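Asks: The listed protein sequences derive, respectively, from chains H and Z. For the record, in the first sequence the residue sitting at position 130 is 130 according to the numbering used here, with numbers rising by one throughout. For the record, in the second sequence the residue sitting at position 144 is 1144 according to the numbering used here, with numbers rising by one throughout.
Quick caveat, the hints were computed from the structure, so don't treat them as lab data. Any given hint might turn out to be false.
[To be verified] Computed footprint of chain Z on chain H; a stretch qualifies when at least three of its residues, placed anywhere within it, have a C-beta under 8 Å from a C-beta of chain Z: (1) 94-102; (2) 105-111; (3) 128-141; (4) 223-230.
This structure is a prediction, so every number in the text was calculated from the model and none was measured. The C-beta atom is built at its ideal place from N, Cα and C for all residues, glycine as well.
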Amino acid sequence: MVNLQNQSRNGQDVIEDKILLEVNGLKKYFHVEKNQILKAVDGIDFTVLQGETLGIVGESGCGKSTTGNLLIHLLDKTEGTIIFNGLDMDKMTKEEMRKSRADIQMIFQDPYSSLNPRMRVKDIIAEPIKTHTKLSKKEINDEVNRLLDAVGLDRSYGNRYPHEFSGGQRQRIGIARAIALRPKLVICDEPVSALDVSIQAQILNLLMRLQKEFKLTFIFIAHGLPAVKYISNRIAVMYLGRIVEITTKNELFEKPMHPYTESLVSAVPLPDPTIRDKRERIVLQDDIPSNLNIPTGCRFHSRCPYVQDICKMKEPSLSELEKGHQVACFFPRNLN
Amino acid sequence: MVVEHKNSDQHLIDSKTNGSSWKIWLKRLWKSKTGTVGLLVIFIVILTAILAPVLAPFNPNEIDPEKMLVPPFWSEGGSIEHLLGTDNLGRDILSRILYGSRVSLLVGISSVVLAGILGVFIGLISGYYGGFLDTILMRIVDAFLAIPNILFALVFLAVFGPSVVTLIFVLGITNWVSYARIVRGETLSVKEREFVKAARAIGVKNMMIIMRHILPNVISSFIVISTLSVATTIIMEASLSFLGLGIQPPTVSWGGILSDGRDYLATSWWLATFPGLAITITVLAIIFLGDWLRDILDPRTKG
């Protein structure tokens, strides 16, 4: 496990300098009853480089899953631009749109409800191929077998139904479906949070192996830092529909600048008791405010331990304070 | 992991024993005793309907004034000649039941199929697309529910004239609303499941999603309801016959024989009892068959 991590994460040989996805000012508002507006995603900007894994973390309701759904067009955005592979998604022709659908795929959170119980595994995996290509039956069958091999499932499993598999195996089927079209970008929407801890590591390792093999780019959405820490190159922290901090994994864990990130990092369990005891645990007060009633000024000020007057009046913008380290805070921590 | 492998070995053995798909179906049918009985009874009923001219001892409309209201053969005064007795005009009841099965099965099953196709289609469309279309379709359903079935059927048959075709049509039209309601409800819940979201993310077209992902997951509740309603349809045909707007004589139907026998219920019980029994047995067999069909369509109950 450690070995794998060193090879693919620290080597960074697979990451190219090319921007695959660029998101600018992305917003998604939902109209709920009594003319209230739920601001699920409230203006986020980020870029994803070809071959990297961008982790997105945040509490439930922070907009991370909505962001994923916007990227694969399961939801229509309210505002903002998404530029994928150099093309603005709003200006795409129908054919380009179809192609881009094949290029962005998703791995879902719940391995139980994400597979149709009435379809055989081979048909589930073949569905994206049938939808986007005109291969013959035999070619599709060969491709399905290759995909089963790639995700570590026996070829004979293709004739079975999803209920015959365990959670981890089902997630492998879901992964095979997601990579069937050799997409450029795979959005992993909490793919391991429904699995046993022992299976989680297997799935994460599988994802990292496939990333190398198929030259994939991942956006990895999770609600906790540990899973994201293992797989990501860079991590974006979201809070109430906004990105509050985005930087490389090591930087984020060593020098978290936003007070929210700082408290998240301090909450990650550590195996070494001597380090653990020395660490200062920052426990946030109160619950996360409602998306229907976002605080004025900095949206984190109501829970921030370092809050000042300005924080209640003005909203800080996400700005690059150090190279490759963007933070939205007036009083960032750990600044050189 | 160890446990997983054990399981998978078990599955391997299972899949090796699978022969041709016909054999598997027969095997699974045999495992369900009620399903076997249901299928067998339906088979016999259909066979007798087809072979009625061969099997029936008499012409079903042959009147014999000398042998009116003869009881079944085991009762006092009964004869082997008329196994189930005769009616008030001296017609052989057994022959009438055999011939009656033709119309009753045809009307019962065809109208349920018609109602099913219409109801399932509208339910799927309404539930899947939602919004304005859903509102419109469901108001139409409400309107249909507000009209008493029998009244609608009477008006319809009075206007278009009673015949087998109009009867199938009118019974189909009055029944589709309940299917539409049920299928819509099921569709609403199934379309929120993640595999539908996954299909949309892949870029599968809406019609394909409905046919491939939603329909197979809503069909089981439809099958249960539709087998039950074959029964009510046969009864409904009987009530329409009783009101004089069902199948017209000389064509025989179970419902018709049943309503003919009503006047003699107190004195000659066999007139209404035997067609009633025929309906009960057929309906029961259809329900058994429906239960079995629902089970085998669900891969989770396989084996």
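Asks: Go through the numbered hints given earlier and state which of them the structure violates, listing their numbers in rising order.
Replies: As far as the earlier hints go, only 4 is violated by this structure.
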